[in-house]
Amino acid sequence: MSLSRRTCLGVFAVAAALALALLPRSEADAALVAVGSTEVRLAAQRLDDGRTEFALQERGPDGTWGARLLPQSRFVPASARVGRWLPSSVVTVRARVDAGGAADLRISAQLLDDGRMELALQERGAGGAWGDRVLPQRRFFPADPTAGRWLVTSPLDASLVESQPGVLPWGEPFVSVSAGNRHFCGLTSGGEVVCRGDDSSFQASPPAGPFIAVASGGRHTCAVRADGDLECWGRGQTQVPAGSFQSVDAAWAYSCAVATDGALACWGAGAAPRGMETPRSGAFDSVSAAEGHACALTTDGAVLCWGSDTSGRATAPDGTFATVSAGTTHTCAIMTGGNVVCWGANSSGQSTPPFGRFLTVDAGYDHVCGIRPDGTVGCWGSNSWGESQAPDGSFLAVSASTLYSCGARTDGVIVCWGETFAGQATPPLGSFDSVSATTSHTCGIERDGTVTCWGSDVWGESSPPRGAFKTVGTGRQYTCGLRTDDTIACWGPRPSDLLSTRQLYDALGVGWTHACGVRADDRTLVCWGTNWRGETEPPEGSFRSVSAGWYHTCGIRTDDTVVCWGLSRSRESLPYSGTFHSISVGGEHACGVRTDGTLACWGENGSGESTPPAGSFRSVSAGLGHSCGIRTDGTVVCWGAHLDGQSSSPVGTFHSINAGAYYTCGVRTNGAVECWGRD
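Residue numbers (this note's numbering): 756 to 1434.
Keep in mind that the hints are not guaranteed to be accurate.
[Said to hold, decoys possible] Cut-off 25 Å, straight-line C-alpha distance, at most; resulting in silico cross-link-like pairs (DMTMM-like, lysine to aspartate or glutamate):
#1 K1225 with D1277
#2 K1225 with E808
#3 K1225 with D1261
#4 K1225 with D804
#5 K1225 with D1203
#6 K1225 with D1188
#7 K1225 with D1314
#8 K1225 with D1276
#9 K1225 with D1240
#10 K1225 with D803
#11 K1225 with D1241
#12 K1225 with D1315
No wet-lab data here; the hints were simulated from the structure. Source: prediction; values computed, not measured.
Using the sequences and the accompanying hints, generate a full structural model.
In structure tokens:
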């Protein structure tokens, strides 16, 4: 969770997300075993609009050059800065012979003073780091080439290595792993703690060991040293208790540990979850800390929970248990016979464990993972980001976090799966007119009307088609845009039932898993996609704009009044009085700019997202738990949730803004995109 604002250091968008995320860096060259080499060359062509497009070719066994492989991010604009190397996204070349192996490559280019462009090749090595730029002998692209003609460099050799994609061992085997909010830490057999992921608060910068246990929290990490002392690093961890401890667990902003004498201690922000103080007496074997509640296992096998009891997550059943794990909305425990019992919220099936025996269990945000007696991992609950789609293999430990999970295999390797934090808040350089942010990918419209996307591309959501667009909107795993010819184009696993891609539209609103458009002929609304709460059932009448959120939708009629439909759990779909210039629908709230320039918000207000500031505004955007607006003087102000820095208000002037789930992006008046919040 990067709290600093980020502006991209290259023209190309961030590489596509991998299925396995947050992977440890290898210190052992043996992790990547060279099995041969392959010959490649770089290709480039000048486009009619002045951009330069790059590709890569591999020589086949018969000596002929194969088809051009196009990186997802492969364009350099005509206005590129002189002397600055710009990398493409990754291209994976796989062996064409029985030797096996693969090479991760990317193309780099820099514009020279004389107008030529110099090309180079980079290869990804051990630990995921990019190697030095390798310069082909023939590598200069002319300043005034014929448009549409591919030119090639002289060939280069690329090493083919054999490894499991996204899985790298450390110098010593791992024996346990703990997944935090956006970082994870593993404990090696030698007692060293190794962390990867977000290090904005130094939560992924562990001290030297040896340690016997480690726990990753929101922005901090705690571990038990071999002598029983506790040590924590990261944000807000200055009140670590003294004594000798045997185990520790970390929640978002607090931690709990069990001493060697069985006593329980908790510390940090919110050390005692609301509703109940930490137990002061009793003998405990283990403790599990979650965001709103915590649970501990007594020495006689009983489970004791305290804190918020929303959905019954802190109401433990009777019985004798071997282990317990508190998740964000629920709790799971293993009975002495090996069966799993869960209680609390069950909206995603997180409290409905599968049949069978488990040795360990770990509850995350709204999913759970456990290890069976045969060493395989079984997960249940939400699988929105693949967090419950455990890989094959035999595991020693598993840890479930928010949108991802990690496991330590019996061969000592840590593997993670789920949400990859793919750089959605790291925009490319360029001049943009508008931008749309969601959860893990972002798209913007450049001044020439082309769409550029960055962040996750697991589902093709960041691979826009060619052409010029007027508006673009990002959904959960898809994107839709309104072309300049007034037709709609969608990419990624787009919502089903798009009535007619040749129908003409005046406006488009893209939500989490549904979208709506205003027809150009009669101004009526057409919606498509999932219809969980009636969000795709628009009212009759004439409209001039529409905005789609997670499970509800709002539109502005031609008389400037607002009507909303869909989920109304927090009154977000109730009509709001008055007349409006624009409207934006977020997760469970909505905001609009009145015709007099003031703001009005309604719906969920748990983080203050529906309490806008006073003043005159020209635009507003509602995200998931936060909102941002642009005042009439061009300055930005944000309000609501701020755990990931998504409500930081940057200095300067902007002409458009869009609030995503946990981050925000805006287009400055000079056309540059700036994003802040979770990356």
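Practice prompt. Any hints from earlier that this structure breaks? Give me their numbers in increasing order, please.
Written response: When the structure is compared with the hints, none of them turns out to be violated.
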